[in-house]
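Using the sequences and the hints, build the whole thing.
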Amino acid sequence: MALRRAVQLAGLGAGATVAVGVAGLCLDAPPADDGSPDYLAKHAQHVATRDRLPAVFYSAARSTFLFYPATLVAKVYLGALNSFSMQNEDALAKWILARPRHRSLITVTNHSSTVDDPALFARMLPWACANPRVSRWGLCSQEYCYTKGPLLSAVFYGSKTLPIKRGAGIDHPMLHDLFKKVQMGEWVHVFPEGKIVQGGHLGQRDEPMQTKIGGLKWGVGKLIARAEETPIVVPIYHLGLDAVMPQNANHKLKSMIPTTGNHVHVRVGEPIYFDDLFEKYAKDRVQGAEVRPKLHFLMAC
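1 is the number of the first residue of the sequence shown in UniProt numbering; add one for each residue after it.
Accuracy of the hints is not assured; some may be wrong.
[Claimed, not checked] Across the chosen pairs, the derived CB separations fall in these ranges:
| hint | residue 1 | residue 2 | range |
| --- | --- | --- | --- |
| 1 | 76 | 52 | 33 to 41 Å |
| 2 | 97 | 51 | 22 to 30 Å |
| 3 | 261 | 50 | 40 to 48 Å |
| 4 | 103 | 281 | 33 to 41 Å |
| 5 | 276 | 39 | 37 to 45 Å |
[Claimed, not checked] List time: in silico DMTMM-like cross-link candidates among lysine to aspartate or glutamate, alpha-carbon distance up to 25 Å:
| hint | residue 1 | residue 2 |
| --- | --- | --- |
| 6 | 195 | 242 |
| 7 | 254 | 242 |
| 8 | 252 | 34 |
| 9 | 148 | 33 |
| 10 | 94 | 186 |
| 11 | 252 | 171 |
| 12 | 254 | 38 |
| 13 | 94 | 284 |
| 14 | 148 | 51 |
| 15 | 283 | 229 |
| 16 | 181 | 193 |
| 17 | 181 | 51 |
| 18 | 94 | 229 |
Hint data in this document are derived by calculation from the structure and do not stem from the laboratory.
Cβ coordinates follow ideal geometry from the N, Cα and C atoms, glycine included.
The structure is reproduced here in structure tokens:
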């Protein structure tokens with residue numbers, strides 16, 4: 001009887017922890033930039049009041065409703081209903097779980113489907129990496145994720161994503177929010193293409209800008225350049241997810257249901273270190289919101 005009562009109390013306590021965490025995610029979900037004059041004030045207020053609860057509540061909610069269920073679905077769907085191969089994934093898991101304290105990990109990949117994140121990492125990494133405490137922070141377009149109501153905003157914030165406004169530039173407060181995660185030594189994931197690209201060359205920026213400044217966005221370069229401690233940067237390239245969630249010529253999904261019978265391959269590259277550039281340009285490097293022309297060599301990386 002005593003054991004049964006203890007189990008019931010433990011269950012109630014766990015349920016209450018998850019419920020409080022869900023409420024916290026709903027309250028802390030960041031606002032979208034709707035172009036109104038008071039956005040900066042709303043953003044500042046959000047920064048001052050977010051993370052009002054102990055981390056255990058957020059982790060409980062994220063684990064229960066998002067991270068572990070999504071990881072299970074990805075492992076089954078990409079592992080059983082599709083085939084999956086990978087190279088050097090153990091090195092990535094090592095950097096996620098055992099990198100030096102306060103040193104951020106920045107991963108960059110091509111963006112070929114709506115399920116690249118979280119499906120790719122959920123399938124290739126061990127279960128230990130599904131723990132919300134060590135999982136990545138990422139960006140998602142605010143028009144799809146943070147303008148559809150508070151519930152959907154809470155879901156995406158619970159998934160450890162932050163909104164980004166397309167075309168707002170690399171000095172927008174939303175990118176600065178992600179930079180704070182770098183400063184804290186978190187794992188941050190970025191799609192430098194800034195959009196889904198199926199077929200063709202990497203990036204596909206329109207000409208003449210493609211030739212002038214390259215096909216990739218500069219935001220990841222700024223995250224690296226401004227960091228107080230050099231991040232570990234790991235490039236990743238994958239093939240096949242565009243067949244799992246194919247789009248038509250108008251960039252619309254052909255079906256909301258992922259396809260089966262495809263082969264997905266992912267290759268994890270060797271870490272890229274910027275210690276030499278940090279040392280060489282130490283006098284010119286800015287560790288704040290300001291951007292100087294001399295930083296463009298890093299921002300274009």
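These are the hints, each one checked on the structure:
no. : hint                     : verdict
1   : 76 with 52: 33 to 41 Å   : holds (36 Å)
2   : 97 with 51: 22 to 30 Å   : holds (23 Å)
3   : 261 with 50: 40 to 48 Å  : holds (43 Å)
4   : 103 with 281: 33 to 41 Å : violated (20 Å)
5   : 276 with 39: 37 to 45 Å  : holds (39 Å)
6   : 195 with 242             : holds (13 Å)
7   : 254 with 242             : holds (11 Å)
8   : 252 with 34              : holds (24 Å)
9   : 148 with 33              : holds (13 Å)
10  : 94 with 186              : holds (14 Å)
11  : 252 with 171             : violated (30 Å)
12  : 254 with 38              : violated (38 Å)
13  : 94 with 284              : violated (33 Å)
14  : 148 with 51              : holds (22 Å)
15  : 283 with 229             : holds (15 Å)
16  : 181 with 193             : holds (21 Å)
17  : 181 with 51              : holds (13 Å)
18  : 94 with 229              : holds (19 Å)
When held up to the earlier numbered hints, the structure conflicts with 4, 11, 12 and 13 and fits the remainder.
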